[in-house]
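K.L.:
Dock chain B against chain A, hints included.
In order, the protein sequences belong to chains A and B.
Letter by letter, the first sequence follows residues 23 to 264 of the working numbering.
Letter by letter, the second sequence follows residues 23 to 264 of the working numbering.
Hint data in this document are derived by calculation from the structure and do not stem from the laboratory.
Among the clues, some could well be false.
Copies of the same chain look alike in the list, so a pair counts if it works inside one copy or between any two.
[To be verified] Distance condition first, Cα-Cα at most 25 Å in a straight line; then the derived DSS-like pairs of lysine-lysine:
id: 1; residue 1: K164; residue 2: K250
id: 2; residue 1: K250; residue 2: K79
id: 3; residue 1: K79; residue 2: K95
id: 4; residue 1: K232; residue 2: K190
id: 5; residue 1: K78; residue 2: K250
id: 6; residue 1: K25; residue 2: K250
Number of protein chains: 2
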Amino acid sequence: MNKLTVVGIGPGAYELMTIKAAETLRNCDVIVGYTVYVDLVKEHFPGKEFLTTPMKKEVERCRLAFEEAGKGKNVAMICSGDAGVYGMSGLILEIGQEFPEVAVEIVSGVTAAIGGASVLGAPLIHDFAVISLSDLLTPWEKIEKRLSAAAEADLSVVLYNPSSKKRKDYLKKACEIMLAWKDPNTVCGTVVNIGREGEQASLYTLAELKDTPVDMFTTVFVGNSQTKVIDGKMVTPRGYII
Amino acid sequence: MNKLTVVGIGPGAYELMTIKAAETLRNCDVIVGYTVYVDLVKEHFPGKEFLTTPMKKEVERCRLAFEEAGKGKNVAMICSGDAGVYGMSGLILEIGQEFPEVAVEIVSGVTAAIGGASVLGAPLIHDFAVISLSDLLTPWEKIEKRLSAAAEADLSVVLYNPSSKKRKDYLKKACEIMLAWKDPNTVCGTVVNIGREGEQASLYTLAELKDTPVDMFTTVFVGNSQTKVIDGKMVTPRGYII
Numbered sequence: 023m024n025k026l027t028v029v030g031i032g033p034g035a036y037e038l039m040t041i042k043a044a045e046t047l048r049n050c051d052v053i054v055g056y057t058v059y060v061d062l063v064k065e066h067f068p069g070k071e072f073l074t075t076p077m078k079k080e081v082e083r084c085r086l087a088f089e090e091a092g093k094g095k096n097v098a099m100i101c102s103g104d105a106g107v108y109g110m111s112g113l114i115l116e117i118g119q120e121f122p123e124v125a126v127e128i129v130s131g132v133t134a135a136i137g138g139a140s141v142l143g144a145p146l147i148h149d150f151a152v153i154s155l156s157d158l159l160t161p162w163e164k165i166e167k168r169l170s171a172a173a174e175a176d177l178s179v180v181l182y183n184p185s186s187k188k189r190k191d192y193l194k195k196a197c198e199i200m201l202a203w204k205d206p207n208t209v210c211g212t213v214v215n216i217g218r219e220g221e222q223a224s225l226y227t228l229a230e231l232k233d234t235p236v237d238m239f240t241t242v243f244v245g246n247s248q249t250k251v252i253d254g255k256m257v258t259p260r261g262y263i264i
Numbered sequence: 023m024n025k026l027t028v029v030g031i032g033p034g035a036y037e038l039m040t041i042k043a044a045e046t047l048r049n050c051d052v053i054v055g056y057t058v059y060v061d062l063v064k065e066h067f068p069g070k071e072f073l074t075t076p077m078k079k080e081v082e083r084c085r086l087a088f089e090e091a092g093k094g095k096n097v098a099m100i101c102s103g104d105a106g107v108y109g110m111s112g113l114i115l116e117i118g119q120e121f122p123e124v125a126v127e128i129v130s131g132v133t134a135a136i137g138g139a140s141v142l143g144a145p146l147i148h149d150f151a152v153i154s155l156s157d158l159l160t161p162w163e164k165i166e167k168r169l170s171a172a173a174e175a176d177l178s179v180v181l182y183n184p185s186s187k188k189r190k191d192y193l194k195k196a197c198e199i200m201l202a203w204k205d206p207n208t209v210c211g212t213v214v215n216i217g218r219e220g221e222q223a224s225l226y227t228l229a230e231l232k233d234t235p236v237d238m239f240t241t242v243f244v245g246n247s248q249t250k251v252i253d254g255k256m257v258t259p260r261g262y263i264i
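Bound conformation, chain A alone:
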C-alpha cells in the first residue's frame, strides 16, 4: 500500500529527533515540508527528493504529500517539534479521507514545550496547559478564556506562537489576563531557538514578562504558584519531601 508518514523532527537539532524519525527519513523517497524545516534536515538526509510549500499553504502541502504517495513513492511529511501539537497530523488525517489508497503513520517528536522545559530546568513537572496565542484560526475570546481558566486553576502554562509581526502585543495581553489570578512574582521563562544555533534561555517574573518583547521563535513558560528558581533554573516541584 502507498505510504505517508508524518514525522515530528523535534526542536531542530538532529540529535533531538527520535531514532524512529531519523530511520523514517532515511528510508523514504520524498520529504515534504515547510521550507524552514526542510532546510533543517536536508544535510542529514542526502539523496532525497525535497518538496516544500511556504507558510499558510498547509492544505496544499498535505495534498501534495498524498499525491506523491499516490504515485507509489514512500513519502515523509515533516513538522517541527511533534506533528500532533499544532502540527500537520490532524490535517493529514482529515485530508486522508480523500486518499483511501494511502496508509498514514505518525511518528512522535519532542515538541517545544518538552524541549524548552529541559533547557530552562524543570518547569512542567506538575500539571500544565499548552496554549497558542495565534488567533489566525482561533477566536481571541477563546484564547482569553483558556488563559484565564489555566491561571485560575494554578496550572503552569506554555505559550506557543507568542508573537508575530501582526500580534506584537499578544504576550502582554496574555500576561495581563493571567495576572488576574497569578502573582506578579510568578517565575516565568522563555527559550529562543530551542535545540538550534542561538539557543537562549531567560528567566523573568510574570510582571517582567508582560513587558518583554519576544519573537516567533520563542516559547514562553509561566510557572505555577510553587515554581521557583534554583541555581538559575526554573523548577516546579512535584511535592516530594527532601
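P.N.:
Here is chain B on its own, set in the frame of chain A:
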C-alpha cells in the same frame, strides 16, 4: 567536572528514544532508575552498571545518582517518557543544591501525551491541559479544580496516572467533573502500553469513559468540543478550511 544526565527514554520502545538519549546511555558508566524502566533499556546498553530503587523511593534514587556521579562516574538517571513531565528532573535540580560538584544536564524524551496522541490519531492538535489524577503528592481538591477549569475552557485534556489499586474510581470522578462542562458525546481515547508490547488504543464517548475501568499503564485523552472520529482515529481540528 562530575556529570549526571537526566534522560527521558520515551514511552518504552528503543526507537522512540531521541538520538541524544541513546548516545547518552551508550556513553555513560552507570544507569540509575526505577526497576521497570531499567528493565526496558537494559538489553540495548550492555556492559553498563545498573542501579535501581523501587517506586516511592524517588528521593533516595536521586541521592544515589548524585553519589555515584560524585565518585567520578558518568551517570545517567532514566525516566519513562520525558524527565520533565511528572519525572525526576525537578527533584534532581532540587537535590542538586547539595551536590554543587556535579553538573546536571537534561535530555528530552517523548512523554505519554505526545506518544499516545500519535497512536490515537491527532487529539492534541489544539490547546490542551495535562493533569495527573494521582493525589499522592497533590490535594484532590486542586486536581478537581484543574479538571473543571480545563473542561470549562474547552481544552483537550490528557490524564496521567488515571488509576491505581487505591484509586480505582478516580477516572470516574474526573469524568463526572468534566461532564459538568463537556458534552457526554465528547470524543475520548485511551492508550495502554504506549510504544511497548501490547500497545492498544480505544475510543469512547466521555459518558462511556466514565464507566470504563483503566489501569496504571493507561493514558487517557479527552477531546475538545471539535474533536471527531475519522476512520477510527481521534482528531482535533485546528481550524483549517479544507
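K.L.:
Next step is simple, just say for each hint if it's right about the structure.
P.N.:
Each hint, compared with the structure:
In this homomeric assembly, K164 and K250 come within 25 Å of each other (Cα to Cα) only across copies, at 19 Å, whereas the closest approach inside a single copy is 29 Å. In this assembly of identical chains, K250 and K79 lie within 25 Å of each other by CA distance solely across copies; the values are 23 Å between and 41 Å within a copy. For a Cα distance limit of 25 Å, the shortest separation of K79 from K95 inside one copy, 22 Å, qualifies, whereas the shortest one across copies, 50 Å, does not. Proximity of K232 to K190 under the C-alpha cut-off of 25 Å is restricted to the intra-copy arrangement: shortest distance 12 Å within a copy versus 43 Å between copies.
In the homo-oligomer, the alpha carbons of K78 and K250 lie at most 25 Å apart only across protomers (23 Å), although the nearest pairing inside one protomer, at 38 Å, exceeds that limit. When the C-alpha separation of K25 and K250 is checked against a cutoff of 25 Å, the pair qualifies only between copies, where the shortest distance is 23 Å, while the shortest distance within a copy is 47 Å.
The earlier numbered hints are all upheld by this structure, with none contradicted.
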